Amino acid sequence: MMTDQHLPLLEATPMLAEVPFLPPVLNGDAMQQMILVQVNPGETFTIRTEDGHFQCITGPAQVPMVSPNGTMPPIFVPPGYVSQVVEENGVRKVLILPHSLEFQPSLGPFPQYGPLYGPPHPALLHHPQLYHADLCPRYVHQLPTFPVYTEQDVMCHNMSVPVCEERSVKVQEQMQRRLKGGYGGGYGGGASASPHVHSGPGPFTKGAQAAVANGLGKGRTGSAPSPTPPRLKHSGRTRSTPPTDCDIKDPEEEVRRVWGLLSTVCKPTVGGVTSHSAVLSWRPPVAVATDGEARSTTCAHTGLLLSYELALSQSGTDGDFTPVYQGKDTTCTVEDLRPATPYYARVCVACSSVKGTPSETAAFTTLCGVPDVPAVPRLVHRTTTSVTLQWRSPNDNGAKITAFHLEYHEQGDQSAFKEVYSGLAKQYKVMRLTPSTKYAFRLAAKNDVGMSAFSTVVNCCTVACIASPPAPPSAARLTEAGTTWLSLEWSAACGPTSQDTLSYILEMEDMGGSSCGFQMKHKGEEPSCTVRELRRFTTYRFRVVASSSEGHSQPSVAVEYRTQAEQPGQPGRPVLHGPAEAHRLHAGWEAPEDDGGAPVTAYVLELSHSGDEWDVVYHGPLRQHVCEDLREGTWYKLRVYCRSQGGRSEVSESLSVKTAPLPPGPCQALRVTGGATSSQIPLSWAPPAWDGGAPVSQYCVEMAQSAETSQEQVFQGTETHCTVGQLLPGTTYLFWVKASNSAGWGAPSEMCPASTTPGVPEQCSPPHLVLTTPTSVLATWESPACSGEEECGFVLAWGAGEDALEVLYSGPSTQQEVPDLRPATDYYCRVQAVNAVGAGLFSKVAMITTPASVPAAVERVEQVWGEPLGVATAATSLALRWEEPQCHGAEITGYNIDFGEQLPLCVDRTNFHILENLQPDTTYRIRVGAVNAVGAGPFGSALKLRTAATPPEPPLLECVVAGPQSLKLRWGEGPSRPPNSRNTHYSLHMLAAADRPVCIYSGPCRTFKVQRLCEATAYQFSIQAHGESGPGPLSPPYTFSTTRSPPPQLRALKVEPAEWNKHVVTWETVQPMRGDPVVYALQLLRGREVEQLYKGSATSYTWVAPVGGGACRLRVCAARRAQDGSELWGPWSLVTPVPVAEVPKEAPPPGDCPLPHTERGWLLADEPFATALLLGFVVMAVLFAVLLQYLVIERQ
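The sequence shown begins at 3 in the working numbering and counts up one residue at a time.
Honestly, the hints are just simulated from the structure, not real lab data. Please note: incorrect hints may appear among the correct ones.
Keeping only pairs whose Cα atoms sit at most 25 angstroms apart, straight-line, the calculated DSS-like set for lysine-lysine is [unchecked claim]:
(1) Lys946 with Lys970
(2) Lys440 with Lys428
(3) Lys431 with Lys420
The structure displayed is predicted, hence computed values, not measured ones.
Required output: the full structure, derived from the provided sequences and hints.
Pasting the structure below:
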């Protein structure tokens, strides 16, 4: 029932009003009448109670109304509905049901959602009413059969009644709507942080017990709820809805609350653990809420239907859990567990479409059990009186195996099994048996828990004393055949049977491929076998051999059987052999890639013209067929399938093909529309009555001046009208029209004559041009044909370009001479006839070319500066450039250059030339003229040019001072100095690696000091002078070498006394210089006397001082010794004074000490000697001055 608008109150009709309202009697003696009213979700049902008040009931709800007097009240059924009486357990119940599913209410479409069934409203259980049957169809929906309620069902409602049912239903609807919209998991990132919302009628579908319909009763199932959530038309209460304490505030918050409630389940409790089972129980989840939330939580979640899922894992809490129970009970007995195995269990709760997080994990371990059943013992060896058996140990199930028990009995003996061995060995030899006797053996294992069951019995036979092979079995019989397998059976030979067990060997020979003889395919005691992995539709030969302990029998008679063929594959898609014709199609197809093993016996070709109706047009073995009697321009579909012994194949892909169309028929009603002019005739026509199977694509209009002349096409297009132009005035023409489609052109229509009116003159023929002189042309032309009027004159257009023609002549003459033309130029002309009607068309353009002549004069001759001329040739050369003049019809072959010589200079065709071997600093008058095959053209205007002066020669370069790291160079002195050197600059170049000169100086100076050089190294230099006329030539290289560097000055000596008259003198060490060793010289100074004490490579010397010799000083210097023995001495170090040696008292007399040999001389200190030398120079200078003054005075 819908609530899009306010619902009118439902009142009982007069018939129903007569029924008294009495308390309900559910199990009285009288028959009771019950009517169920289904209220759908989102709908409101209004009733009137016995005290006269009105009450609104909101769905989902099922309202039972009972009539206690036992009489059937009259019920008004809405259109499309019927009443049905159901009697159950002495209770008669009336149900109002839709008549058929095809019934549609007249006041709106039926809502496409499934009803949700809820329990009867509690208010109606104590206020029985009669449902007002005369309802409008819009308030009654098409519903499935409603559940029937019994006394027990009604009484159970007093136990658990939802406080706020509308809220719970709308929460479920909101969750299902979110699931359908794709955002059911939008509350978090995973199952541990968000409620798991899933679709379907319930959270668990596998292993769950049958749900109680609407929570009412057991064993009675109502209609299953629809997987599609109901669509609510409103979210608030209507005016007829009574206020409730629980209103839906936020559906998302409600989902979170439900999920939080379901996630509070505790871990399961384990009890009753055995070796193969365990009992697990758990408690339902308990809502944990604050005082402020207690009322809303209770209102929202009271009466929810919960489902539980129990899952187990053997690989720990993080392993994979497998569900073992799904249902509504809180206790579960898990069976089929493995003994002595740890298990981990957890439980998960779900309500409607919300699933909570799993509980904590509970661990338990099953008890130990008896061992598993051992495998069948294996026969290892046998003799006439013994059998050796071997077996494997089974799983001990947590307790170690303590013994194996082997029992046997003789076949045919009715006694029970006897134990023949008990122990831990896994092999035993049974002795003292009867020859050629069959025995049965079985095995059991035992541990501390108990003994396992016995294994499967194995039969063994002892060897006979005299071997007699068995008789051959019967031939193999075919019981069933497939495409890749054959089932065969056989029987043993007739006669006395042996005590030994017979085994059979089935051998097979492939008759379809390369035969390798009979191969074994089966060996066993069963008299039947299914041979697999065979080829389809292939013949095989089989034979059987019996085998026993006494040998093999002869093979049975060989028989042949063949496997079945498979269904053939799909044939290839039909293709056309050649183009499609108008009434026939030649189709072909490929054989199927897989024929199923059997050859194809027939192909069936089907043809369809429209829809799914197919007609068989061919049935036969060929793979091509010609379909005839078809319609032109029509689409057809072709498909094919094949047949073989394997059956019929699938239909191939269809081929859509269109038959070729035919040309259309003749057009109709060709006529002249409108008025014709002197050059145009308008025409129109109707399309052909038959298009030939394809739409008409275009039309063609042909024209002829008579029936004998050829026809000319004047129009082609899609329109049914045209205007034929460019016709002669006053002329009659014949016209035809024809249509075309994709097949080609159809037949022409009937002839239609039409005439033009008189007009302007016709087009003249092109003028005839004759060259009278090289610069004049004579043009002549002929009068055009008569156009109905006499011509009165002609117009001649002339010009040097076809697009730039100007009127040159206008008059009655038919010729005109044109003078003063340019040579080698193309001229164009055309002529036009004029009469009283108007001017005709211009003739076609005529062209003539004037003859060639000498070239025009060369203009714009200029001098070129820079790169074309070198420095050395700038004074004797001039570079010229000019523009090429007009050739006047003949290609220019060269140029004449006149620069003052007797004859002009002839050069090839170029626009650049260098005049060489000219006089420096000279003025020339230059003219240039072009030459072609006709002759030499005139010279252009003269150009005056002047050559440059001669550049200066390089000066002489010399080295003034050479040092170890520098060279001072000088140039421009002496007789080689240039006369005008003030404006001369010089460039000094030094040759670097790979003889590449590098400029190290450029300027007006005549000296330059090159520094940062290497010692004793040769360097090459070149010099170049730059004058006003430009740079001069580079001088030849000059080679200069640096000197060797002397050793540096040593620091002061260190004198250390060793004894009273001995001193140890040391000085610093100088490293070898460029491979040259270093030697040292030590000198002793006494006044002016110099004595050399030591010369060598050592850096120390022990000196014995003389006694009473006066003050002494020491100095040292280093020398660089070359490979040739020469020495280069450096500066002396600073002098170091040495104290005077005094003889000690205890020392021996001086005469006893050896004195070093010294050179005697005049002893004078350095300072007095320098003073005396200076005084001597002063005296000599004064004497020279006096002498010079005397000589000058004497000359005067």
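Violations among the numbered hints: Violated hint (a single one): 1; every other hint is consistent with the structure.
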